[in-house]
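Peer 1: Start from the sequences, fold in the hints, and give me the full structure.
There are 2 protein chains.
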Amino acid sequence: MSEGLLIIISGPSGAGKGTVCKELISMKLPELELSVSATTRKPRMGEIEGISYFFKTKEEFVQMISQNDFIEYAQVYDNYYGTPRSYVQNKLDSGKDVILEIDIQGAMQVKKNNPEGIFVFIMPPSFEELKHRIITRGTETKEDILKRLHEAYREVCSSRNYDYIITNDDVRIAAEKVRSIIIAEKCKLQRTKIDYDSYKEE
Amino acid sequence: MSEGLLIIISGPSGAGKGTVCKELISMKLPELELSVSATTRKPRMGEIEGISYFFKTKEEFVQMISQNDFIEYAQVYDNYYGTPRSYVQNKLDSGKDVILEIDIQGAMQVKKNNPEGIFVFIMPPSFEELKHRIITRGTETKEDILKRLHEAYREVCSSRNYDYIITNDDVRIAAEKVRSIIIAEKCKLQRTKIDYDSYKEE
Numbered sequence: 128m129s130e131g132l133l134i135i136i137s138g139p140s141g142a143g144k145g146t147v148c149k150e151l152i153s154m155k156l157p158e159l160e161l162s163v164s165a166t167t168r169k170p171r172m173g174e175i176e177g178i179s180y181f182f183k184t185k186e187e188f189v190q191m192i193s194q195n196d197f198i199e200y201a202q203v204y205d206n207y208y209g210t211p212r213s214y215v216q217n218k219l220d221s222g223k224d225v226i227l228e229i230d231i232q233g234a235m236q237v238k239k240n241n242p243e244g245i246f247v248f249i250m251p252p253s254f255e256e257l258k259h260r261i262i263t264r265g266t267e268t269k270e271d272i273l274k275r276l277h278e279a280y281r282e283v284c285s286s287r288n289y290d291y292i293i294t295n296d297d298v299r300i301a302a303e304k305v306r307s308i309i310i311a312e313k314c315k316l317q318r319t320k321i322d323y324d325s326y327k328e329e
Numbered sequence: 128m129s130e131g132l133l134i135i136i137s138g139p140s141g142a143g144k145g146t147v148c149k150e151l152i153s154m155k156l157p158e159l160e161l162s163v164s165a166t167t168r169k170p171r172m173g174e175i176e177g178i179s180y181f182f183k184t185k186e187e188f189v190q191m192i193s194q195n196d197f198i199e200y201a202q203v204y205d206n207y208y209g210t211p212r213s214y215v216q217n218k219l220d221s222g223k224d225v226i227l228e229i230d231i232q233g234a235m236q237v238k239k240n241n242p243e244g245i246f247v248f249i250m251p252p253s254f255e256e257l258k259h260r261i262i263t264r265g266t267e268t269k270e271d272i273l274k275r276l277h278e279a280y281r282e283v284c285s286s287r288n289y290d291y292i293i294t295n296d297d298v299r300i301a302a303e304k305v306r307s308i309i310i311a312e313k314c315k316l317q318r319t320k321i322d323y324d325s326y327k328e329e
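For the protein sequence lines, the chains are U and B, in the order given. Each residue of the first sequence is one higher than the last, beginning at 128 in my numbering. Each residue of the second sequence is one higher than the last, beginning at 128 in my numbering.
If you are wondering where the hints come from, they were derived from the structure by calculation, not from laboratory data. A couple of the hints might just be wrong.
No copy is singled out in the list; a pair is fine if it fits within one copy or between any two copies.
Lysine-lysine pairs mimicking DSS-like chemistry, simulated, CA-CA at most 27 Å apart [stated by the list, open to error]:
{"#": "1", "residue 1": "K258", "residue 2": "K155"}
{"#": "2", "residue 1": "K185", "residue 2": "K315"}
{"#": "3", "residue 1": "K327", "residue 2": "K258"}
{"#": "4", "residue 1": "K223", "residue 2": "K183"}
{"#": "5", "residue 1": "K218", "residue 2": "K149"}
{"#": "6", "residue 1": "K239", "residue 2": "K185"}
{"#": "7", "residue 1": "K169", "residue 2": "K320"}
{"#": "8", "residue 1": "K327", "residue 2": "K269"}
{"#": "9", "residue 1": "K313", "residue 2": "K155"}
{"#": "10", "residue 1": "K315", "residue 2": "K258"}
{"#": "11", "residue 1": "K320", "residue 2": "K258"}
{"#": "12", "residue 1": "K327", "residue 2": "K185"}
Peer 2: As structure tokens, this is what we get:
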């Protein structure tokens with residue numbers, strides 16, 4: 128069975144990578160699946176083990192780190208989040224294409240060990256729009272917002288490390304572009320297996 | 128204005144590259160145009176100068192060759208066919224994406240001088256289907272058919288020089304794949320122009 132594609136969707140906070148991924152998944156491309164992360168945070172109402180997250184204790188998570196069981200992981204305040212290596216590899220081996228929707232630090236960790244991944248950067252449509260999204264997101268102080276904007280600028284610059292850049296002016300169009308990238312990548316010479324001899328006249 | 132893409136659609140005789148291109152053009156992608164060839168053959172009923180072909184005398188054509196005015200050209204029996212360089216370059220400069228539907232020898236000529244082109248190989252679905260298409264095409268002798276099949280095998284092998292390979296099982300799906308390749312290529316890092324400084328908080 129042919130191996131699937133590993134597609135990394137990343138971008139600054141506020142660029143809308145989550146909504147682009149949701150839209151993409153709703154297009155029901157055959158074989159495409161969103162990866163499931165592991166976390167040490169407590170399950171919230173309605174969250175299901177193995178679908179929303181793989182819920183782990185801190186001890187389990189730290190042990191997994193020490194066994195190199197994550198493609199990428201991060202600590203956010205008191206909790207760990209990470210992408211389990213075996214889960215993703217099993218999906219790819221069975222021919223599924225796997226989407227990782229992760230932040231930029233995570234994406235750069237993935238790139239180190241999986242350079243064959245397809246790295247897609249979701250760019251906020253403009254600074255003004257990014258500012259608007261970060262501010263209207265809610266409860267942050269002015270200082271936090273400024274910090275986030277500075278961080279977003281640094282993150283926008285890191286798009287130079289990606290294979291593709293999609294400006295998220297319109298979620299539907301942005302998701303269509305990711306879909307096109309997946310279809311195109313599957314047509315690349317190095318991914319097509321042609322049995323040349325079958326075209327030989329005996 | 129940003130420069131357009133040069134897309135080369137090629138493949139063995141009988142692979143169906145012409146019908147794939149027609150289907151693609153019918154999808155009305157913005158900015159996408161099929162290139163117009165120059166030829167020394169006489170116009171047929173209904174053919175229009177500059178739309179069907181640029182009709183040239185043999186003298187004009189030979190002079191154009193000597194001035195390096197073709198991206199690629201070939202002599203087929205008594206007539207010349209070629210892709211005029213300035214026509215294609217003007218389209219690209221004005222931001223149009225240009226499709227060249229050409230045979231494999233022509234595509235390899237283009238590759239020498241335009242390595243930035245996007246080279247798409249249309250693969251016949253199978254040897255049996257290719258045979259069927261070549262035979263039902265009509266008026267050829269058994270010997271001609273055998274020669275064509277041998278040629279097709281050699282041509283299938285030359286797909287190793289292309290960027291993308293599309294197996295033409297279904298014209299609609301094949302054309303959709305070319306469309307996806309065009310959309311994806313436009314999202315590639317090296318083709319996107321980001322004004323990083325506009326994301327900088329003053």
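Peer 1: Decide, hint by hint, whether the structure agrees.
Peer 2: Hints and how they fare:
1. K258 x K155: neither (32 Å within a copy, 36 Å between copies)
2. K185 x K315: Neither way: K185 and K315 sit 42 Å apart in one copy and 39 Å across, limit 27 Å.
3. K327 x K258: between (61 Å within a copy, 11 Å between copies)
4. K223 x K183: within (25 Å within a copy, 53 Å between copies)
5. K218 x K149: Close inside one copy (19 Å), not across copies (37 Å); limit 27 Å.
6. K239 x K185: within (25 Å within a copy, 58 Å between copies)
7. K169 x K320: neither (45 Å within a copy, 42 Å between copies)
8. K327 x K269: between (70 Å within a copy, 17 Å between copies)
9. K313 x K155: Close inside one copy (16 Å) and across copies (23 Å); limit 27 Å.
10. K315 x K258: between (38 Å within a copy, 26 Å between copies)
11. K320 x K258: Between copies, since 21 Å is at most 27 Å while 46 Å is not.
12. K327 x K185: Answer is neither: 60 Å inside a copy and 38 Å across each miss the 27 Å cutoff.
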